[in-house]
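Given chain A's structure and the hints, the job is docking chain B onto it.
Protein chains: 2
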Amino acid sequence: MGERLPVDVQRSPFAVLKGVEISSVRIFGFLGDYLERADRVTLATMYDLLEKTGRMDNLRFASGKKKGSFQGFRFNDTDVHKWAEAVSFLLATKANEKLRQALKFAIQEIKAAQDDDGYIDSYYPKDKKSERWTDLGWSHEMYCAGHLIQAAIANKRLTGEDTLFEVARRFADHIDSVFGPNKRPELDGHPEVEMALVELYRETGDSRYLKLADYFVRARGKGYASSSKYPGITPEYFVDHKPFVELDELAGHAVRMLYLCCGAADVYLETGAKDLWKALERLWNDLVQKKMHITGGCGSRSEWEAFGKEYELPNKRAYTETCAAIASFMWNYRMFLATADGKYVDTMEQVLYNGLLSGISLDGRHYFYDNPLESDGTHRRKEWFECACCPPNIARLITSLPGYIYSLAKDESKVFVNFYEESKADFNTRFGHLRITMETDYPWSEEVRIHFDRCDPTEEISVFLRIPGWTEDFSVRLNGESVHVKPKNGYVELRRIWKTGDSVDLSFSMPVELVRSHPFVEENRGRAAVKRGPVVYCAEAADNNFEVRALRVNYEQPELETKYGNIDALGAVTSIHGKGFAYDMDYWKGKLYVPVSKIEADKPVEFTLIPYCLWANRDAGPMVVWIRLV
Amino acid sequence: MGERLPVDVQRSPFAVLKGVEISSVRIFGFLGDYLERADRVTLATMYDLLEKTGRMDNLRFASGKKKGSFQGFRFNDTDVHKWAEAVSFLLATKANEKLRQALKFAIQEIKAAQDDDGYIDSYYPKDKKSERWTDLGWSHEMYCAGHLIQAAIANKRLTGEDTLFEVARRFADHIDSVFGPNKRPELDGHPEVEMALVELYRETGDSRYLKLADYFVRARGKGYASSSKYPGITPEYFVDHKPFVELDELAGHAVRMLYLCCGAADVYLETGAKDLWKALERLWNDLVQKKMHITGGCGSRSEWEAFGKEYELPNKRAYTETCAAIASFMWNYRMFLATADGKYVDTMEQVLYNGLLSGISLDGRHYFYDNPLESDGTHRRKEWFECACCPPNIARLITSLPGYIYSLAKDESKVFVNFYEESKADFNTRFGHLRITMETDYPWSEEVRIHFDRCDPTEEISVFLRIPGWTEDFSVRLNGESVHVKPKNGYVELRRIWKTGDSVDLSFSMPVELVRSHPFVEENRGRAAVKRGPVVYCAEAADNNFEVRALRVNYEQPELETKYGNIDALGAVTSIHGKGFAYDMDYWKGKLYVPVSKIEADKPVEFTLIPYCLWANRDAGPMVVWIRLV
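Top line first, the protein sequences correspond to chains A and B. Per my numbering, residue 10 is the first one in the first sequence, and the count goes up by one each step. Per my numbering, residue 10 is the first one in the second sequence, and the count goes up by one each step.
Next up, chain A with everything else stripped away, as it sits in the complex:
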């Protein structure tokens, strides 16, 4: 029924856009490299870790296939589910027989762990039946259900097979039989099931799932998730301090908060509930105006993995969990589907190219859980975590990336080009077939050529090209001739009867910019970040023979030059080079405060900046994003 997409809103009444199937788009550029590594390294090594760390065994213990008892965190099943979802997305564009077999095998292991009544969670096997649903704040049972449902839907959409889907659906039915209005009113401590239930509604048409999702979104803030059973933990942590529609700022555990926003947006896309939309807009403004790091990361506090207060955006201490970046990306996508407003894609882009992809190494098998904007050199990616939510989450995001490049108007009369990436797309619209090649070295290059390799439509179609919010200047040429168009909501419209052989050349001004933050961000006062296009840069020790945290750039004449080419292990990227100054750290030894009149001047240095998302792929050393101006 559904398309090969994580979010299939083709029949959602309040979506103005819908996706183009993952399987219709092949990516080969900067993003494509991540997908290629997922295919070659990430997902295979991850399956080994699921085995090695007992995640698969937990399922076997529950099904009785193996003797033993649950090990690890209660939500460890989700690592398997997210991996299964990631592989399902991957197989839409990559023929990986090994992973296909591994997935099939894993699905059998999951299925076997299901109880007769539909319940499935390996932490609560049959002999712990009486404990099920007794500790909802911490149990993550519905959180696990949500990830299972999402994996199952992805799998069904890919293969058409129902095996995993029926497991998930039976569990959803079980949950629906227990919870909701006039049933048990409680909620899971960790939102996630809401968006899964809406997607299940989209896949099945069964409105029970939508109703239950709507209930779960709206019933928060009444203490159902954060009851007196959890002393010492604030209701904010569970995002249970206020009803969703009354929230006026992002608060509490960042991933919980943002997954709830995803769920609320999904419910809105189906119901059009204005109160949800108002809250979503309010919270989105809070995000981009007060609580988002320049890397797109959010959730600044490691304490309780939480949002800080407004303008609380520390760098070294920034938590900015990879999962929170992913959640923000997913939420912004839903907001975009509801509006076709490019400001949401701007945010997706800011997150993706910076604080999201920083979550995985270039070897495809090391991960950041938290993504700080400054380091003394001790922060390094790890192979795995005891709480391993981030690795399979970034895997499923990466393998679904082809699905975000294009969107279509619901009536298919408009094609939106959201992300610029070397790619080939091949899809039908009701106006005819389109085969498009995008040639670009984005984000390093400011040039994009969109070539219509095949074009059947005999009616006018509008192609909407995204003009990123960060560009000052851009030019569009259609078949070599300049077109003067003004962007509206972040897109320019080219409307015509497209023909095979047509091409559009797009060029953005992409100067290196020093960026400052709002004066209330105390950590950045007197500092600037360097950005080019969507990419935030950093100074890392590997490229600079001085202490990068002591670097100063000249505010008036920064003299910054770009260079495109290989940088060590980073491959071909655009790096930024300039002349600045840095303190001799020997001078500062043992000193904490020194009067300006006595400070030894800093000395001229030549520095190199690299894209933030690529740091920590070489020898360990300090890193800084926000550079001192004086």
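The list treats identical chains as interchangeable, and a pair is accepted whether it falls inside one copy or across any two copies.
Taking lysine-lysine pairs in the DSBU-like style, the calculated list, with each CA pair at most 30 Å apart, reads: (1) K588 with K612; (2) K283 with K600; (3) K607 with K588; (4) K61 with K135; (5) K588 with K572; (6) K192 with K283; (7) K238 with K137; (8) K251 with K391; (9) K600 with K352; (10) K220 with K419; (11) K607 with K572; (12) K497 with K607; (13) K391 with K61; (14) K495 with K600; (15) K607 with K495; (16) K74 with K135; (17) K138 with K220.
Quick caveat, the hints were computed from the structure, so don't treat them as lab data.
Relative to chain A, chain B alone:
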């Protein structure tokens, strides 16, 4: 036996200095004003609060004088004890009959709450006897004992009366009968009793108390305070993660950590244990080189009231609890007694005039618990706290201040002038009697005249004048004639047979200085603090008609002028005035990141800076210490 001092080291073998009794010194200057308010307002209003909030009733419930059960935090007795200690110090210099009566009355209430076996803690009255000493991590029973002992010693030294002292001594004996080597090995979760036990040893000569203190200092780090009974709380919180002598940095709960340093220093002063001293020096260097805010405050994290990592010195989020500032002052004093090194008094001064006295309002009855270096205007002093450790702590510190102005060498052949304050001192040395008047408007004025009103000695005595670490230049005149002396360990020595009528004029250069912090302090990179002499300044909304957090000073030509005179409710102080720039905050509305090329320039403003410790005494508004340079 002991002198009227909080720390009486006259017979301590490893002290090179000793104090001059509180009752021998009258202070009338900047510090004297705080003492005067303590006499007039603070201690009377505080007693009312002890009654109103049930602190006194808790004791009555325990003694059976009143029916009811304990209310509030388990350590609420200490508020009474600290108040009793504060009043005892006060009565050494102020004849306050009302407070004398209130103290007498309070002592009776405390005494009545003591159990037959010497145990006293109103949270664990007779009917809870079985629960005593069962929850040492959280119970604060020995913490309460420590404050009781300190109050009792102060009271005995003041009045010569034994009433409270015998109560405390019996409790100490009880503790000694239960805990220690070959007895129960456990420890209190909150250090405090260590320094009290050493002082009790000093007062009684009974070495059992010293041995027990030594045991408590050394037995930490073995899990005795942070057993498995406290899941989710790190051993660091209880400063129980490593033996004291192995600590290489300040960590965990700041007040716990620093009280332990006080206790360890006290043990060192008696035993000369080199391993303790080495650890103390290591930790002291960690404090002043990596973990102290420019205000002298420390303990930067509100989470667990803890020390942060090195160079983690945020401003708005700075916790810098008043009690931690007091603890640092007390620790530095002990280090000074052991060495006569002025660097410790420099630190005491930095703490005292900034992040310590900021803890109390100019009306003498409102308190900061945490003392941030930046505020959006919502941080205000309060009349009281549920956890009210800070108000009575700052009261006892203020009323003991006269005891810190002077020190004497153990053989009384040297007089150390530590703090410059309008004052009169009158004390005996074994070389004869001294009556000294200090005339100064310090810290506003850089001039100090020390006049020997009466001088009996017939032998040479050295007067050591502290030359603060912050001054570049100073001059000393003896009876009007310049004396050329070089400071050593922060003091200059004037040695002669002093005669009645002699006077010393001391002058320090006290320019306004812009100060920068170590480049690794990320919040302050590109910012400077303004300091004059020991006083750190801030920009507060009350004096400035622009957003102070958006203020910029010109790094090259700061053009800062001082003005001495009345500022509203602050009284006569030296304020600092200059021309700078500030953003129009309307421009920033809704913006979080803006390229430098597009930012609207900030506009010229004239600004006023006031001493940090005096902020928040007028209308609520933003405040900033570290000012943007670009």
